[in-house]
Amino acid sequence: MIGFATRRLLQALIVMLVVALLAFTMFRFVGDPINQMVGIETSIEDREALRERLGLNDPIAIQFVRFITKAAQFDFGTSYQFQQPVSDLFAKRIPATLELSFASAMFALIVGIPMGIYAGLNRDSAISKLFLSVSLVGISLPTFFIGILLIFLFSVTLQWLPSFGRGETVQIGSWWTTGFLTVSGLKALILPSITLGLYQMTLIMRLIRAEMLEVIRTDYIKFAKARGLPDRLVNFRHALKNTLVPVITITGLQLGAIIAFATITETVFQWPGMGLMFLQAVQNVDIPIMSAYLLLTAFLFVAINFIVDILYFFIDPRLRVGRP
Amino acid sequence: MKTKTMFMAAAIAAAGTVSSVQAETLKFSFQGTLNALDPYSLNETFTLSALGNAYEGLTRRGADLQIEPALAERWEIVEPNRWRFFLRKGVKFHNGNDFTADDVAFSVERVRSEGSDLTTRVPADAKIEIVDDYTVDFVLSGPNPILHYEWDTFYIMDKEWTEANNAAKVTSASDTTANYAALNANGTGPFKITSHEAGVQTKYEKHAGWWDEAQHNLDGVEFTPIGSDATRVAALLSGEMDMVYPIPVQDIKRINDNSGTVALTGPELRTIFLGMDQMRDELIYSDVKGKNPFKDARVRKAFYQAINIEAIKQKVMRNLATPSAIMISPFMFSKAGDFQRYPYDPDASKALLAEAGYADGFTVGMDCPNDRYVNDEAICQAVAAMLARVGVKVDLNAQPKAKYFAKILASGGYDTSFYLLGWTPGSFDSYNVLSNLMNCRDETGAGSPFNNGGWCDEKVDSLTGQILSEIDPAKRDDMIAEAYKITHDNVYYIPLHQQGLAWGVADNVDLVQRADNQFHFRFVTKN
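Protein sequences appear in the order of chains W and H.
First residue of the first sequence: 697, per the numbering used here; consecutive thereafter.
First residue of the second sequence: 764, per the numbering used here; consecutive thereafter.
In case anyone wonders, no lab produced these hints; they're calculated from the structure.
Given the structure is predicted, the values throughout are model-derived calculations rather than measurements.
Ideal Cβ placement from N, Cα and C applies to all residues, glycine included.
Hints are not guaranteed to be accurate.
Unchecked claim - Chain H side only, calculated, beta carbon under 8 Å to chain W, not exhaustive:
1. Ser-876
2. Ile-893
3. Ser-937
4. Asn-980
5. Asp-982
6. Glu-985
7. Ala-998
8. Glu-1003
9. Leu-1159
Unchecked claim - Mimicking EDC-like on lysine to aspartate or glutamate, the simulated pairs with C-alpha atoms at most 16 Å apart in a straight line are:
10. H:Lys-852 to H:Glu-787
11. W:Lys-788 to H:Asp-938
12. H:Lys-855 to H:Asp-865
13. H:Lys-855 to H:Glu-872
14. H:Lys-1052 to H:Asp-1134
15. W:Lys-788 to W:Asp-728
16. H:Lys-966 to W:Glu-864
17. H:Lys-1289 to H:Asp-896
18. H:Lys-855 to H:Asp-900
19. H:Lys-790 to H:Asp-1101
20. H:Lys-852 to H:Glu-872
21. H:Lys-1248 to H:Asp-1123
22. W:Lys-883 to H:Asp-896
23. H:Lys-790 to W:Asp-728
24. H:Lys-1164 to H:Asp-1178
25. W:Lys-766 to H:Asp-938
26. H:Lys-1164 to W:Asp-728
27. H:Lys-1164 to H:Asp-1134
28. H:Lys-1166 to W:Asp-728
29. H:Lys-1156 to H:Asp-1270
30. H:Lys-1170 to W:Glu-864
31. H:Lys-852 to H:Glu-976
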């Protein structure tokens, strides 16, 4: 177990370094940051002076080493647009993204799992077919389109829910803000969570359905039924439990995806999280924010994969045997 | 009895007013963010406009853009090179400090210091002399009739406050720690900024001790940036926002059709135009080798006459544009009416091309932004289609502004053959247009940094020099007109139009839409 964990950690470190290098090379192609930082009438001399002060004239290798050394100490520099330390900006934005991701993951699980079980157990019923068609919509429609559709239905036409922002937030401790404690905060969460979680919900539903269909056909379920165990026990204790291994893998990976790819949803709903900040940073060639975001995302994926690997040990006894 | 009734009526009326005088908060949204609050860190319209509600300059511009006294009560030119400003007495900053000549002198030095993006507000060689607490002199190296034209956005900061908070250095991206002035504001304006989270929300509160009589009836203002056009429009339609800008031209009808909202449109100052490389001996992006077709005025005129500006106005801009014959908005130049566009005439265009030796046309690459100006990419596509009709094949390269400007401006080595650009002179004056877009430049851009096509006309250069120091307005305007006439006759540029402004406003809000696209809360009333 320890050896396994160490190996994984080493791999993770290499992944992070490669991501940093890739990200850094990419920034040379997104445009000139200086043009976004000054007014159009700013003279060429002033632009060059700024470029020099920011160290953008140094060779790429030197810039990269400087970036990595500072990043290792959690110093990501100063944002070109906001002119504030990047770490401060992220600290302010992280709660918004995590709360949104949590809410949409909950939505995906709480709605997706029961739908999946139902569709798996009653594969020919009309409701199951409805679920499947709905899930097709969830998988095939692009996120921004669903978001705008929801806004026009629930904000503009019905005027039930807000079309943008987080509503009122409550400060907890020195750096966490939450929208879970106010009515407007909760209302503001509904549309973005559905938009962000819809894809994951359909994925989980289809996955559970497929796994259930598979498991129900196996011998041990048939035997359990033959022994006269009640349906509830067979379906939930024996069948469902055995469908969960792939579901946990996917959920874990998808949680990373939710956090990392909340960018579109956050942009549509002007949700003040990291994703929105990242997209604005790309438009304005704000290299410090972009690099910090990419590293953070890579870190999230690596961490989640690591946790999922460890979780297997606890769910699947077969992995525990035969491994050091 | 009668007095009693009148008293009752007065009481009812008073009660009525009391209930309508509840706290009015204006909620508005813009597509971009308000970044640092430091008034010298970014020379950009929205930033200056948002900060202009909290900070004030020596002058300000009214609803019709006329220069008005603000922190300076009046000013006079005592000698040709010496301007005297008489400061307003009794003005207080938001923190209670008095506004004096020291603050002006401090601001002048700070705005010209390293890291400031507004260094040109005060000429580098101008000296400031404090005569007394409420009088300052600016000593110039030569006459300059437009010294104060941009001072409505040169905001005066409080010396004591700035120094006490270690913010004397202008906020810059090369800072390693957050600058106090980037996160806090202390001006003399009608509103104070009470909270600012960059990119998320900025809150303003009425400044009760403002020196001027308030026209507005607001107690507070909340600004939220909304980047997505659809969401911004939705926020207005659903009543969550009182005002949003800009709105996409294609949504104007929808906003007008909705009860409770109206789209406010008007001409903006920015001129959109096409430029051509007239400097290189061979175009970078063209199939014509060994020579540069744009060096031939006939080719440039052929391009001009191939463009159906009315079609662009109606189809691409949905009528929200004013076709222009010169490179400046008629708001800013009294003789603009003397100029006429060359008529749209594809046959004349073909004839001109044939005369210049390109009867079969040629291919040219065109650079275009796709997220900078109103429908910029669509304009370029329309131009490409129109040029195709006269035989010129355009390879369009439309890209986001971050990449576009990096390619076509000095920092990218003016890597373009044919491009679309927009220009608003921040000073509201033609000198800015002439010196930035119309003078000769070298390869690095020295001389006229935004003359991307690099054309050079000595007569325009010498006129520009004279215009800078000519004090007599009538003579000055004649010289400007002459410079524009040379540009027009030689088709050094192809002006297209002044794009329009479009703001979405709730019916219960009254405001002033200034043609410079600045939004000032002091003109707003909300019922």
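- Task: Measure nothing beyond the straight line between the CA atoms of Lys-966 (chain H) and Glu-864 (chain W); if it is 16 Å or shorter, mark the hint as holding.
- Result: holds, 14 Å
- Task: Assess, step by step, whether the Cα of Lys-788 (chain W) is no farther than 16 Å from the Cα of Asp-938 (chain H), and give holds or violated.
- Result: violated, 19 Å
- Message: For a C-alpha distance cap of 16 Å, please report whether Lys-790 (chain H) and Asp-1101 (chain H) respect it.
- Response: Answer violated: Lys-790 (chain H) to Asp-1101 (chain H) is near 43 Å, above 16 Å.
- Query: Has the given pair, Lys-1289 (chain H) with Asp-896 (chain H), been kept, meaning a C-alpha gap of at most 16 Å?
  - Reply: Roughly 39 Å between the alpha carbons, so the hint for Lys-1289 (chain H) and Asp-896 (chain H) is violated.
- Under 8 Å, Cβ to Cβ, is where Asp-982 (chain H) needs to be relative to chain W, so tell me if that hint holds or is violated. violated, 19 Å
- With 8 Å as the cut and Cβ atoms as the points, is Ala-998 (chain H) at the interface with chain W? holds, 5 Å
- Is Lys-855 (chain H) close enough to Asp-900 (chain H), meaning Cα to Cα at most 16 Å? violated, 22 Å
- Item | Proposed proximity, Glu-976 (chain H) with Lys-852 (chain H) (alpha carbon, max 16 Å) | Between Lys-852 (chain H) and Glu-976 (chain H) the Cα gap is close to 15 Å, so the pair holds against 16 Å.
- Take a quick look at whether Lys-852 (chain H) and Glu-787 (chain H) sit within 16 Å of each other, Cα to Cα. violated, 30 Å
- Query: Taking only the CA atoms, is the gap from Lys-766 (chain W) to Asp-938 (chain H) under or equal to 16 Å?
  - Reply: holds, 15 Å
- Proposed proximity, Asp-728 (chain W) with Lys-1166 (chain H) (alpha carbon, max 16 Å): Measuring from Cα to Cα gives roughly 7 Å; hence the hint holds.
- Between Lys-855 (chain H) and Glu-872 (chain H), is the straight-line Cα distance small enough, at 16 Å or below? Measuring from Cα to Cα gives roughly 21 Å; hence the hint is violated.
Of the hints listed earlier, those the structure fails to meet are numbers 1, 2, 4, 5, 6, 9, 10, 11, 13, 14, 15, 17, 18, 19, 20, 21, 22, 23, 29 and 30, in rising order.
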